[in-house]
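Whole structure, please, built from the sequences with the hints as guidance.
In order, the protein sequence lines correspond to chains W and F.
Position in the first sequence (from 1) plus 9 gives the number in our numbering.
Position in the second sequence (from 1) plus 58 gives the number in our numbering.
One thing to keep in mind: the hints can contain errors.
Sample of chain F residues lacking proximity to chain W, with all beta carbon distances greater than 10 Å (derived) [what the hints assert, rightly or not]:
no., residue
1, ARG72
2, MET345
3, LEU370
In silico BS3-like links for lysine-lysine, alpha-carbon gap of 25 Å or less [stated by the list, open to error]:
no., chain 1, residue 1, chain 2, residue 2
4, F, LYS235, F, LYS356
5, W, LYS123, F, LYS361
6, W, LYS187, W, LYS233
7, W, LYS123, F, LYS474
8, F, LYS356, W, LYS153
By construction, these hints were calculated from the structure, which means they are not laboratory data.
Beta carbons are placed, not taken as given, at the ideal position from N, Cα and C, and that holds for glycine.
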Amino acid sequence: MSGGQSEITTRALRKNFGDIKAVKPLDLRVERGTTFGYLGPNGAGKTTTVRMLSGLLRPTGGSATVCGFDIAEQRNRIKAITGLLPEAPGLYSKLSAYEFLEFIGALYDLSGEKLNRRINRLLNLLDLTERQNDLLESYSSGMKQKVLIASTLIHEPRLVFLDEPTARLDPAASALVKEIINALAEETDTTFFICTHLTDFAEDVCDVIGILVEGELVELGPPKEIIERTESDDLEEAYLKIVGGKIDRKRLLSWRE
Amino acid sequence: MSHGWRAIAKAEFRVSTSRFRRGRLVAFAGAYAFAIVWALLLAPEVVSGLFWMFEVDPNPLIQAGLPGIMRTLLLVLWVMILLYPLSYSLQEIKIGQWEIMLSSNVRTREMLLGMFVGKIPIYFLIALIMAPLFFSVIVSAFSITLLGQALMYLAVFLFVLATIWVSNLLSVGIQAKLGDSPRGNDLAKALSIVVALIFLVPVYGLMYFAGPLTEILGWDIFLVLPSTWCADLLSWIALLSTSLTLPPALMDLYSLILVLPPIAYVILLVAFAVATVVGGFSLSERMFSLESTRGADKVITVKGENAVLRGLRRLMPGSFGTLTVTSIKEFSRKAQNISRVAYGAILAIILPVIFNLSFVGGFGEPIFMLVLSTFMVSMMLGLIAGLTFGGVGFLESKDQLWIIQSGPSGAWKYMKARLLQSFLISIPLALFPAAVVSLIMDLTILDGLLMSLHSYVLMCGCVMIATGITALNPAYEDTKSSAFYVNTLVSMLIIMFLVLGSLILGIRVGAALENIYLLLLTAGMPAILLGGLIAGLGAHRLSAPES
Ligand SMILES: Nc1ncnc2c1ncn2[C@@H]1O[C@H](COP(=O)(O)OP(=O)(O)O)[C@@H](O)[C@H]1O
Ligand SMILES: [Mg+2]
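Have a look at this one:
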């Protein structure tokens, strides 16, 4: 990440749901090739931000450009070159992994030999080849997540949004996801925008981290800087200091009285 | 037995009445108050008013045929009370909840009891509203004493209770067998649709073969049905508590059917109730054991594509062809889709035949026969195609929609592929019932083809209408959501009016041009045009970002 091109720029981007201010005016710049970690507790507004940036949700105010395209005017241009892994995605239970990837590829206008080659490579990479013809209804949630990650990469996007990519994975599978992200980030110019509430995952994978609390971006910078600034040992401690997760034992046990 | 069953019953009741969450108790008290007034005062008035309006005196008819009428009524009531709760509860497998209950050390028979008790209020209410419609006629025809009436209602309600118990038992058993896997859920939904056919076909068969079987056995075959026991008991009560003096000839006629003394029916009914309760309790341990709930949990591996799909790919080599082929696979692998479609096709065959038989001498004019049966087949097929392809078959979940929308123009591509998929699957669906109906009704091949073509055009229109409506207001696979009810209702209304209106338009055009073929072809056009419009609106709405 060398002070280069900006891949995501938001200007006072915000979103209200009725009275709930899900995302407060957000000014964020993510540079091309960065692996950006969007960290925050449940309900902080991470998913909402991603949905706005990927053109699925209309902002209440402000503006943003993604890969140089305006999110209000050029949604289809953005969609063609980005990939999105939604938070709790539903798969087509009656398709096999191969068929599902074929379907998603076709949605991005891929077909024929080119598509088949990519599917085979991805299935191979994610160690799914053996079960590629089984219906997805029989997959465990970790395997489903792998298929979904494959589906977000199938059209070789420039920018990938991953919303809680490892939330349902076992340690081995999440290590694999980390590896994939690291490898792609190093060897290609792919930008990753990763929502997570897992600090160790963010620390291992991300070059830059933004911490969101109740819709407000309260920290932004490389993990090392954030740790230093908050005088912590690791990102988890820093995060807890920022988010205010100090634990009061008395209150925790008060229900037993 | 501890009080765990009460908590379960309460939860069950709350879930089934969650629609009137706010004033649940008020609503129920009100509904019951109304139902009682209805049963005692209103229903007799309404029913006798109806007979008076049509200038029919039902009394002689009912007096002459009491036992037979009673058996039919009870059979209908029994099948309904048995099937409706079963079909309803199969729409959603609840084994996840069982696990919670089992882990909290509730005994399995308490679970069974709780689920049963929780169902009583609502189905009892339904019985309380339905039963008086039939019984008030009988009560007035025999001017039965108040004590007699009370006994009759008591017998019916005990019978309804036993039936709800059996229905609950069946639904628990089936759910346990299928298991809480996506595949199990799909099979359960499929079953909830065809459950009526599964039960009705044997009952029809019984009616058809009743005569010969009774002769072979030497006793009335209908005596095997619990509903018969209750019906015969009711007939006895009516005879014993009537304030009329019945002619001996009539009594002789009755004794041909009421072969057992009243006490025998009481014993049979009590034995039935006790047997199902004891049987249910003793099976409960095995039913709820979660090891046995993995029945449908097997892994299915897909094999190569068949010739039709390969041909389609060759015709459409690009990404759109891939989308369409995948949509066809996805749709046709869901048991619930198949069972809906099969159900519709069977109804489309049965309906015109029944109508034809019930008109004395058929539809008369052959041209009439063609037009009317085409009308019925196409209406049935249009409805079922619309509601299946456009309803639950359209989108599985919200998250799936996010995935589709994140492709460039994803919603439009998806909509087009889904529509083409529906049009393709509709081809055999239009050919098959039309062929059977033409065969039964002796239509010429040309007329049969015309019927198919007209049905097909209408089906395509209806699919677009229903898909468009679902896209405007997505309900996903949740058949209990209000969005689903609204969509279904709106689609049905539009389709029915459209089919009717189109027919009238077609008849006008056909009469002006004196050509029956032009008539039927014109009749399909409005559906196509309106369908195209609504589908376009739906796709537009789906592709807009949410706000
Ligand atoms: N469609 C919606 N309607 C109303 N409120 C919503 C909707 N989506 C999200 N919210 C609210 O916005 C806030 C942020 O949610 P979300 O972006 O999902 O948080 P995160 O992904 O960080 O856990 C939450 O308070 C949530 O309840
Ligand atoms: Mg989220």
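For each hint, the structure was consulted:
1. Separation of ARG72 (chain F) from chain W is adequate, the least Cβ-Cβ distance of about 24 Å exceeding the 10 Å criterion.
2. At roughly 24 Å from the closest C-beta of chain W, the C-beta of MET345 (chain F) stays outside 10 Å, upholding its exclusion from the interface.
3. The beta carbon of LEU370 (chain F) sits about 13 Å from the closest Cβ of chain W, which is more than 10 Å, so the claim that it is off the interface holds.
4. Between LYS235 (chain F) and LYS356 (chain F) the CA atoms are separated by roughly 13 Å; this keeps the pair inside 25 Å, and the hint holds.
5. Proposed proximity of LYS123 (chain W) and LYS361 (chain F) is supported: the alpha carbons are some 22 Å apart, at most 25 Å.
6. As the CA atoms of LYS187 (chain W) and LYS233 (chain W) are separated by approximately 19 Å, the hinted pair is consistent with the 25 Å bound.
7. For the given pair, LYS123 (chain W) sits about 23 Å from LYS474 (chain F) by alpha-carbon distance, which is consistent with the 25 Å threshold.
8. Taken as a hint, the LYS356 (chain F) and LYS153 (chain W) pair is honoured in the structure, with Cα atoms around 17 Å apart against an allowance of 25 Å.
Of the numbered hints stated above, none is contradicted by the structure.
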